[in-house]
Amino acid sequence: MKRSWIQIVVVIVALAAIHFGIGMTPMPPFSSGMNLALFFTNLFVFYTAATVLRQRPARSVLLFVAGYTALFVLLLAVMNKPPLFILMVVAYAGFFGAPVLLGFFAIFVLCFVILQPFAFETFVPLSLIYTVYWLARGKASRFARLCLCGGLLALTVVLFPLIHLGMQDSLQTLWRTFTRGDVASAIWLSMLTSTIATVALAIWAVPLAYALARIDFPGKRWVESIVDVPILVPQSVAGVALIVLLGPGSVLGSALDSLGLPISGSLLGIVIAQVFVAAPFLVKTAMTAFEAVPLQYELASRSLGASPAATFARISLPLASRGILVGATLAWARAVSEFGCIVLFASSPVTAPVLVHTEFLRAGASESRPIAILLLIICLWVFVMLQFGQSLMPFALRGPRGGRRP
Amino acid sequence: MIEIGNLHCTFGEFALRDISLRIAKGDYWVILGPSGCGKSVLLQTIAGFFSPARGKILVDGRDVTATAPEHRKMGLVFQQAALFPHKSVRENIAYGLRARKVAREEVDRTVDDLITRLELKAILSRPVATLSGGEAQRVAVARALAIKPDLLLLDEPMSALDHNTRLELQAELARVHKEFGLTTLHVTHSREEAAALGDHVAIMLGGRMVQRGSSAEILGRPRCPFVARFLGLDPSSIAKLPACAHACDEKPGQCISEEAS
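Residue numbers (the working numbering), protein chains in the order written: chain A, 1 to 406; chain B, 407 to 667.
Among the clues, some could well be false.
Quick list of the computed label-pair ranges, beta carbon to beta carbon [stated by the list, open to error]:
id	chain 1	residue 1	chain 2	residue 2	range
1	B	Gly467	A	Trp222	46 to 52 angstroms
2	A	Trp222	B	Pro533	37 to 43 angstroms
3	B	Ser620	A	Trp222	50 to 56 angstroms
Which chain B residues face chain A? A few, computed with CB under 10 angstroms, are given here [unchecked claim]:
id	residue
4	His477
5	Phe484
6	Pro491
7	Arg496
8	Gly502
9	Arg504
10	Gly587
Simulated from the structure, these hints should not be mistaken for laboratory data. The C-beta atom is built at its ideal place from N, Cα and C for all residues, glycine as well.
The task is simple: from the sequences and hints, build the whole structure.
Here it is in structure tokens:
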């Protein structure tokens, strides 16, 4: 007891001596008032260090000192902002007892001091990732958590342009852009054609996916690869291919024209292009969904008297519906985002991605930016809603058992 | 009366060979055999999911060999109950009747009757996914019974259950069989199940049916050392059996099927 009193007195005297020494230098870096404030700050830091860290190992004392040094170097030596330093150090010392808060504090300093121009768009994802890391404590190994959060961090970096873009324009600008006739009609057109394309796609892709999931035939792997071809083909190539087959002057194009179904200037061309690029996403996802439905359910259904078609409608389709909806969502998202193929093959009426492009060519990034943000927000919103909708669908959760082991 | 005559069915490497069985109305047959002997495949062939290369399946003299599964009246129960997870217990039981477009009142009447007789009332409101293995299996039996099948096919119905539940379900199946008088074909690899339930037992090895008869006769007097070992007889009585000329450890079922033919 007596020794610790001596230690405390020694430290206070030493701190006072250091600050007095700084104040006595020929060109003191702080005013004497600031020096006094810094002295009391350091006293507080020492107090917390002494109380909080008394039961903690030496390692955390080192960590504490390291954090303090970092703040000192950053805010005093480099940025020379003593008031900010005092604020931060007091917060730091206060938070050190609670590691969660300390983590958020570190992220706060990182985002709002170092990454200042991107303060908000870095702070939100980093805090979320950190929260995930903390919530997963005790549920996963440290390695798994590091994998998760490292991956999320990398994902944030990849998606950062979009996050940053979303922060650019005020709501007023966005609303003004949205009420511009051509922007609204382009966005609605994109939504409408993508929805039509997804429905048109589902009509044949879902049965095909079912067949691929259930029937084994020679060359099945080839068929599965062919389904993926639209992913492989560059969009411009797809556009040219569609023009050659259906474009103005081609046999099929003129035939459709004479039937009153013109490709150019109508929705038909856009929908065709969207179906082309979106098809693999639905087929592949739906196929996986059907494969996950245990065959025994279908055998049971048929032996109970349901025909193959009835079995499909009552058993396989409902149980695969969640996966099919995932696939339809992906296909829809792909259709909305399609640009390269449509700009070549069906550039009028103008869809939203094409409008972003033409506005960029006409007036540069600042003019096309609000349209891009609007498109981003609306697509994300629909995407999130569709993802949410999946949770309402039935799901063959427990495999064919239909019950857990007692 | 179900008659299976000289059934042959090939699946790549594996084949069912020369399966014959005559199941009188109301009989309880157990097909006993190790895993991979083809007993489940035989059951699914009888249910109509595989078409045999040769042979016939007759139901009351009617040839159903080429009939689609949904037009045969075979009640199939799997090892894992395979209850439809998106339907309620009641909808599961009613499924076969609804699929056969039976009038709603009659569906309700039949389902209510089954629920009472199989004592399922307590689990009626539970989601299918939360049923225990034994409960799920009882619902699966009710679902198969609802269509009043010509033949109830049980494909290892108790293999996924723990010991106590197995004994309970065994008693339940015996009771149901007695009460409904249903012709039943039960496939298992458990000698205990066969002894407890079967009036008649057939033993399958390597895609062949090597012995069949009353359960006392088959389980008590195996004709070949391989069968005896499978049935778990003690070594001294196995040693007393005549040695097998055909090395049936390598080609199980070879000896007896040749002898029988």
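At a threshold of 10 angstroms, is the proposed contact between B:Arg504 and chain A supported by beta-carbon distances? holds, 9 angstroms
Holds or violated: B:Gly502 as interface residue toward chain A, Cβ cutoff 10 angstroms? holds, 3 angstroms
Quick check on a hinted range of 50 to 56 angstroms for B:Ser620 and A:Trp222, using CB atoms only. holds, 54 angstroms
Range hint 37 to 43 angstroms (beta carbons of A:Trp222 and B:Pro533) holds or violated: Cβ of A:Trp222 to Cβ of B:Pro533: about 42 angstroms, so the range 37 to 43 angstroms holds.
Restraint satisfaction for B:His477 [CB to CB of chain A, less than 10 angstroms]: holds, 8 angstroms
Hint check: is the beta carbon of B:Gly587 less than 10 angstroms from a beta carbon of chain A? Hint on B:Gly587: violated, closest Cβ of chain A at ~20 angstroms, above 10 angstroms.
Do the numbers back the hint for B:Pro491, that is, is its least Cβ distance to chain A under 10 angstroms? holds, 6 angstroms
Under 10 angstroms, Cβ to Cβ, is where B:Phe484 needs to be relative to chain A, so tell me if that hint holds or is violated. holds, 5 angstroms
Given B:Arg496 was flagged as interface, is its beta-carbon under 10 angstroms from a beta-carbon of chain A? Constraint on B:Arg496 not satisfied, violated at 14 angstroms.
Supplied distance hint 46 to 52 angstroms, evaluated on CB atoms of B:Gly467 and A:Trp222: holds, 47 angstroms
Of the numbered hints given earlier, the model fails hints 7 and 10; all others are met.
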